[in-house]
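Asker: Below, each chain spelled out in residue letters.
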Amino acid sequence: MQKFYLAAGHNVIRAFSKANISFPITKKELLDRAGKAAIQVDFDKSITLADYCKDIKLDKFANKSQFFNALIGSTFKL
Amino acid sequence: MNIGSTHAISGKFEVEALSVVCVQVPPISAQTMEDVNKNVDQIIDWMDKAAFGFPGVDLFVSPECGLQGFGPLWNDVLVDLDGPEIQRLRDKCKELGVYGVFNPLVREVRGRKGCNTAIIVNDQGEIVHEYVKMNPWIPGEASHPGWDCKVVDGPKGSKLATIICADGDYPEIWREAAFGGANVIIRVSHYMAPWDRAWEITNKAGAYCNQVYVVTANSVGIDEGYSYFGRSMILNPDGTIICEAPMGLPWMIKADIYPQIVDQIRKEAVTSNFVWTFKNRGASHQDFAGVGDTLDKYTAYQK
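Sequences listed follow chains S and Y, in order. In terms of numbering that gives the first Met the number 0, the first sequence is numbered consecutively and its last residue is 77. In terms of numbering that gives the first Met the number 0, the second sequence is numbered consecutively and its last residue is 302.
If you're looking for bench data, these hints aren't it; they were derived computationally from the structure. Possibly wrong hints are sitting among the right ones.
[Unchecked claim] Derived DMTMM-like pairs (lysine to aspartate or glutamate); straight-line CA-CA distance at most 20 Å: (1) Y:Lys11 to S:Asp43; (2) S:Lys76 to Y:Asp292; (3) S:Lys53 to Y:Asp286; (4) S:Lys59 to Y:Asp255; (5) S:Lys76 to Y:Asp152.
[To be verified] Distance ranges between label pairs, derived from CB positions: (6) Y:Ala16 to S:Arg13: 50 to 60 Å; (7) S:Asp43 to Y:Gln285: 38 to 48 Å; (8) Y:Gln86 to S:Arg13: 16 to 26 Å; (9) Y:Pro54 to S:Asp50: 53 to 63 Å.
Note that beta-carbon positions come from the ideal geometry of N, C-alpha and C, so glycine has one too.
Kindly produce the complete structure, drawing on both the sequences and the hints.
Answerer: Spelled out as structure tokens, the structure:
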């Protein structure tokens, strides 16, 4: 059975903690403070948080739930 | 208590402990204003007990119908919010320096006659909150239905809303209070058999589904026809019971709760952030990506 790398969300939370991110927050402020953080998204791949968020169309996030919904909605394609 | 759902809550935040005491007492089914004043005497006596038994209490909560009971003549013993019976309770709050929650049956509120009204009195003796029961227990309770559910700043970082008894059987009023920013919902009740199981279920559901502390005070005793079972309880935002009074006995319960945790849950919870997700259905689908679908697909609220 194929094993997937599934800790990307965890790594985003870790990056938020290091950057003292709190909500509500604008996308710009979030990326100014944490955009350069390296987020491991696969066993052999890391990207910056800014790159991870590049397809998010929202300018601000009312809460952490909205951020993650926007992130998944912009990266998980059907 | 799991305060961050699946995802951890990040960062530091301040909390203050709000010390809450709820009492469950048997009111007289008042037929005269003398009876009403005896019920006021009883509440004041229990406020003294609360101050003695739980020094430093911030918030004192008494049951629905605590001033008048709910006998056949309840409509003959209505009080005025600026009347002497309420003034006695206001004076007691000021004397003890506590917030108090009381539930008189009021002659008239903003032009509406016969209002089952929860009030919050602050530690200066001022009425800072009035709430008229949105869902009277019909048909037996022919009081005027309420028209809004306001939230008021309380002590120690609390944002308080009140709901009354049968209100708690309707999920809309819990959601309205939480959506308005309440981090503590106070449910005062004159809830009777055979609904002692429903009492627990609805309190737990109200807390969990709205991620809010729930503080309840229910009457005890038997009047002309109904058995009021008590079981006053205080619940965490995950729906677990912190403390619960016994069935049928006059009693006090006390808990320290931390209202700012609720505020932080609403900012930081990713999954099960119901007060946000209920209006953003399917927000992680690619077609929505952060702003979910609306509530207009529900037919239940359409005329």
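Asker: Take a look at whether the Cβ-Cβ distance between aspartate 43 of chain S and glutamine 285 of chain Y falls inside 38 to 48 Å.
Answerer: The hint (38 to 48 Å, Cβ to Cβ) is violated, given that aspartate 43 of chain S and glutamine 285 of chain Y are roughly 26 Å apart.
Asker: Okay, proline 54 of chain Y versus aspartate 50 of chain S on CB: inside 53 to 63 Å?
Answerer: Holds: the Cβ-Cβ distance is about 57 Å, inside 53 to 63 Å.
Asker: Given the hint that lysine 11 of chain Y pairs with aspartate 43 of chain S, test it: the Cα-Cα distance must not exceed 20 Å.
Answerer: violated, 32 Å
Asker: Does the structure keep lysine 59 of chain S and aspartate 255 of chain Y at a Cα separation of 20 Å or less?
Answerer: Given that 20 Å is the threshold and the Cα spacing comes to 35 Å, the pair is violated.
Asker: For the pair supplied as a hint, lysine 76 of chain S and aspartate 292 of chain Y, confirm whether the alpha-carbon distance does not exceed 20 Å.
Answerer: Status holds; Cα separation ~18 Å.
Asker: Holds or violated: lysine 76 of chain S with aspartate 152 of chain Y, Cα cutoff 20 Å?
Answerer: violated, 44 Å
Asker: For the pair we were handed, lysine 53 of chain S and aspartate 286 of chain Y, check the Cα-Cα distance against 20 Å.
Answerer: Distance ~16 Å between lysine 53 of chain S and aspartate 286 of chain Y Cα, so the pair holds.
Asker: Indicate whether the distance between the beta carbons of glutamine 86 of chain Y and arginine 13 of chain S respects the range 16 to 26 Å.
Answerer: violated, 57 Å
Asker: Holds or violated: 50 to 60 Å for the Cβ distance of alanine 16 of chain Y and arginine 13 of chain S?
Answerer: violated, 30 Å
In the structure shown, a violation is registered for the earlier hints numbered 1, 4, 5, 6, 7, 8, in ascending order.
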